[in-house]
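Asks: All chains should be built: construct the whole structure from the sequences, respecting the hints.
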Amino acid sequence: MDKYNNNMLGDVRVLDLTCGVGEYGAKLYAHIGADVIHVEPVSGDPLRNKGPFYKDRADENGGLEFLYCNIGKKSLALDLSDGEGKKIFKKLCKTADVLIESFTPGYMDGLGLGYETLAKINPGLVYTAITPFGQVGPYRDYPFSDLTLMALGGLLFMAGDENEKPVRACGEQALQMGAAYASVGSMIALYHARNTGEGQFVDVSMQASVATALENAIQWYDLQGVNRRNVGVEAGLGPYHCKDGYVYVIGAYGRVRYMWENFLEWIEKDGAEGLDELKDEKWFEPEYRKTDEARAIFKRLFENYSKKHTKSYLYEESMKNRCVVFPVSSGKDVFENAQFNYRNFFKTIHHSAIDADVYFPAYGFEMTAIDTEIKTPAPTRGQHSVQVLGELGYSEVEIEGLLKGGTVYGGK
Amino acid sequence: MAANDLPLKNITVCDFSWVGAGPIATNILGQFGADIIKIESKSKPDLLRAGYPFKDGKFGIERSGYFANRNPNKRSISLNMNMPDARDVVIRLIKKSDIVINNFRAGQMEKWNLGYEDVKEIKKEIIYVTMSIQGDEGPHSHSAGFGVTLNALVGFTYLTGNPGGEPFGTGTSYTDHIAVPSHAIVGIMAALLQRDRTGEGQRVEVPQAQAAICLKPLDIMDYAVNKRIQQPLGSKDPNAAPHGVYKVLGYRKWISIAVFSDNQWCILKKVMGNPDWSEDDMFDTLQGRLDNQDVLDRKIEEWTEIQDGTQLQYRLMESGVPVGMVQDARAVIEDPQLAQNDFWAHLDHPEVGITLYNKVPMRFSKTPAIMETSAPFLGEHTHEVLTDFLGYSDAECKELEDKKILD
Chain A
9 MDKYNNNMLG DVRVLDLTCG VGEYGAKLYA HIGADVIHVE PVSGDPLRNK
59 GPFYKDRADE NGGLEFLYCN IGKKSLALDL SDGEGKKIFK KLCKTADVLI
109 ESFTPGYMDG LGLGYETLAK INPGLVYTAI TPFGQVGPYR DYPFSDLTLM
159 ALGGLLFMAG DENEKPVRAC GEQALQMGAA YASVGSMIAL YHARNTGEGQ
209 FVDVSMQASV ATALENAIQW YDLQGVNRRN VGVEAGLGPY HCKDGYVYVI
259 GAYGRVRYMW ENFLEWIEKD GAEGLDELKD EKWFEPEYRK TDEARAIFKR
309 LFENYSKKHT KSYLYEESMK NRCVVFPVSS GKDVFENAQF NYRNFFKTIH
359 HSAIDADVYF PAYGFEMTAI DTEIKTPAPT RGQHSVQVLG ELGYSEVEIE
409 GLLKGGTVYG GK
Chain B
0 MAANDLPLKN ITVCDFSWVG AGPIATNILG QFGADIIKIE SKSKPDLLRA
50 GYPFKDGKFG IERSGYFANR NPNKRSISLN MNMPDARDVV IRLIKKSDIV
100 INNFRAGQME KWNLGYEDVK EIKKEIIYVT MSIQGDEGPH SHSAGFGVTL
150 NALVGFTYLT GNPGGEPFGT GTSYTDHIAV PSHAIVGIMA ALLQRDRTGE
200 GQRVEVPQAQ AAICLKPLDI MDYAVNKRIQ QPLGSKDPNA APHGVYKVLG
250 YRKWISIAVF SDNQWCILKK VMGNPDWSED DMFDTLQGRL DNQDVLDRKI
300 EEWTEIQDGT QLQYRLMESG VPVGMVQDAR AVIEDPQLAQ NDFWAHLDHP
350 EVGITLYNKV PMRFSKTPAI METSAPFLGE HTHEVLTDFL GYSDAECKEL
400 EDKKILD
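Those protein sequence lines, which keep their order, are chains A and B. Residue numbers for the first sequence follow our numbering, so the first one is 9 and each next one is one higher. Residue numbers for the second sequence follow our numbering, so the first one is 0 and each next one is one higher.
If you are wondering where the hints come from, they were derived from the structure by calculation, not from laboratory data. Warning: the hint list may mix true and false statements.
[Said to hold, decoys possible] In silico DSS-like links for lysine-lysine, alpha-carbon gap of 27 Å or less:
no., chain 1, residue 1, chain 2, residue 2
1, A, Lys58, A, Lys383
2, B, Lys119, B, Lys94
3, A, Lys98, B, Lys365
4, A, Lys99, A, Lys420
5, A, Lys315, A, Lys277
6, B, Lys95, B, Lys43
7, A, Lys328, B, Lys43
8, A, Lys128, B, Lys365
9, A, Lys102, B, Lys365
10, A, Lys173, B, Lys298
11, A, Lys340, B, Lys235
12, B, Lys268, A, Lys173
13, A, Lys290, B, Lys57
14, B, Lys298, B, Lys269
15, A, Lys173, B, Lys246
16, A, Lys298, B, Lys57
17, A, Lys412, A, Lys102
18, B, Lys252, A, Lys298
19, A, Lys315, B, Lys226
20, B, Lys226, A, Lys58
21, A, Lys383, B, Lys226
22, A, Lys173, B, Lys235
23, B, Lys235, A, Lys58
24, B, Lys226, A, Lys63
25, B, Lys226, A, Lys355
Replies: In structure tokens, the structure reads:
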């Protein structure tokens, strides 16, 4: 089927004011072909200075997270504290459908650019704010970090067994969750605005976002009075050593007999020894498999086998035998994974500012009538300032003045 | 806000999804007014109906909290899809739907002749959403898997653990909860916007593994360009110290503290009462604190472990240090901030009574999310949907029932 090559939603304009927190939210609009303008400070989005960097060279155009979150966006470097800057911004808001910001509550109001003001200029505007705790409530002005939000949202507690201290999820997930929900919420509100002309304020709380990801922990407490943690350890379920790291095994599941039988049959056929011990009736009982004795026996017998093989081998063989053994993948393993490569999931985009081809995970969803792959690199600071001002009707002379006065940065 | 004013009030979803990410996505659509018609079967109910916890710990397919939290605001119809005639009911439903969604293993819908090519013939403008684990094509597209194995596959498990220890992960099927449903909804909303202009539908594919990786790209990019294999950090952070989880008084009680700037460090020192050890030069700079964080963490824990965590949390919050108790479910439910976010809803259910549900983590100023009806009984709305919505007569319904199609 023909794709429309991103023209169809090209008239949806998104202003992305996020600075370091929630930048992935507006990027999802770039995937569906919307016009996304990253309005960043004249001095640059602070995320530009966050590592890891391309080839480990600190460079405002080489931060991998900045590059990832901003591919497909334009950059307008604008001083919002300046009177002229505010005027430009208000004009821009008239042309916009969605605005996403992640400042502290009240920051935009303090600039005279809060929702109430902007809604008067553009009643159809969807204004989405990502904050640690939402716009109201006792914590709204308190400082935060990814770790403290994971803690207060309840997910950190679950990442541990019994009395062990919990470990933090990789990749600043509290911030990613806020970004993901900013996309979801603003798109639903955009759909409403397109149908009714009515814009609105969408208040995204990162703490609350984390609290949506507690699986069934809230219900465990509500229905059974239990504060659950990690799903638990039992023989045949969890991470086990292999030759080059770990595999995650689900050899047993509840009292499902065929899983356990099938699993033993496969590894025995493939050379695992001494498995008769695991064929006793008691092994079909989850309660037995949870005992220290069962866990030690299984670990010894299985790892005697699994340590001879790589995670990739065990994964491929388990699939052939309709069993469930997955690699515990490192970044390298994911990058080299056969399935992702078959699907061309990792692609490069050339960034001329650092003269480099940078690899990206290409898209989290694919559509038959919209090309969700982004082909334009992250912008340099202010790369599109002049273009955007021109479109807003500023003359060359005026633009020259704004650049000289420091209201706008237009690149080198 | 009445349901008929909500953004998705005119949207009907023919929902084949079950268990994890699919029902979470349709739950969100339902909270904004979409009519979610969940197709189940008495012979093969949604697996989560048999998932813990159960009201009062007593098993029953209408008693699972795990199922309930993902399925409020939905209508449930029971259809035995293995009966060929069940497809006729589905065809009528598709004709009245905007979206058809499933998260089965690749190929399942095709077995019922309900792949995209088939469904497109039934209704050209349909939005067809498929969310298999690894996408519908490729050497591993038919792999079985669970949430925890998907987390291992995409790298969450490897990178979430203590340095040198066993890989751990989040303790949950994390990717099901955020990454997959959010990417699905973005695709759905884009498809709806496009359909309203062109009159044409399309297929939206959300390979769960790809959506998951999109929320944690950096370890992969770092390897691709720098050949660095990132390693787990426990609860540490490369840009902050002290940064971790510290014991406080009580059973399984910890407090998290994250100090990014020198200013925050000075504030923390002051709250600690500027003890002598903290004045050591080696802690003056971030680099110094990072280099000496084992000492630093031990000293801080000596200070925290004899204190009441909640009181300490408020002192640090007020002072300006990022901090938060490591809250268990009970503390989250009782959290004074979440109580102000319009986050919780109590819904009555004929079998389990009043229980707690959470809403989306977003407050909409004009069209706030709704949470009105508790999770449905299996097949609760079969008759209602077939007669009122799909136009079957009572006699036809009876016939379908006699032929075991509604089992």
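Asks: Taking the hints in turn, state whether each one holds.
Replies: Cross-check of the supplied hints:
no.: 1; hint: A:Lys58 to A:Lys383; in the structure: holds, 23 Å
no.: 2; hint: B:Lys119 to B:Lys94; in the structure: holds, 10 Å
no.: 3; hint: A:Lys98 to B:Lys365; in the structure: holds, 22 Å
no.: 4; hint: A:Lys99 to A:Lys420; in the structure: holds, 25 Å
no.: 5; hint: A:Lys315 to A:Lys277; in the structure: holds, 16 Å
no.: 6; hint: B:Lys95 to B:Lys43; in the structure: holds, 25 Å
no.: 7; hint: A:Lys328 to B:Lys43; in the structure: holds, 26 Å
no.: 8; hint: A:Lys128 to B:Lys365; in the structure: holds, 15 Å
no.: 9; hint: A:Lys102 to B:Lys365; in the structure: holds, 20 Å
no.: 10; hint: A:Lys173 to B:Lys298; in the structure: holds, 17 Å
no.: 11; hint: A:Lys340 to B:Lys235; in the structure: holds, 22 Å
no.: 12; hint: B:Lys268 to A:Lys173; in the structure: holds, 24 Å
no.: 13; hint: A:Lys290 to B:Lys57; in the structure: holds, 24 Å
no.: 14; hint: B:Lys298 to B:Lys269; in the structure: holds, 15 Å
no.: 15; hint: A:Lys173 to B:Lys246; in the structure: holds, 8 Å
no.: 16; hint: A:Lys298 to B:Lys57; in the structure: holds, 21 Å
no.: 17; hint: A:Lys412 to A:Lys102; in the structure: holds, 25 Å
no.: 18; hint: B:Lys252 to A:Lys298; in the structure: holds, 25 Å
no.: 19; hint: A:Lys315 to B:Lys226; in the structure: holds, 25 Å
no.: 20; hint: B:Lys226 to A:Lys58; in the structure: holds, 18 Å
no.: 21; hint: A:Lys383 to B:Lys226; in the structure: holds, 24 Å
no.: 22; hint: A:Lys173 to B:Lys235; in the structure: holds, 13 Å
no.: 23; hint: B:Lys235 to A:Lys58; in the structure: holds, 16 Å
no.: 24; hint: B:Lys226 to A:Lys63; in the structure: holds, 9 Å
no.: 25; hint: B:Lys226 to A:Lys355; in the structure: holds, 16 Å
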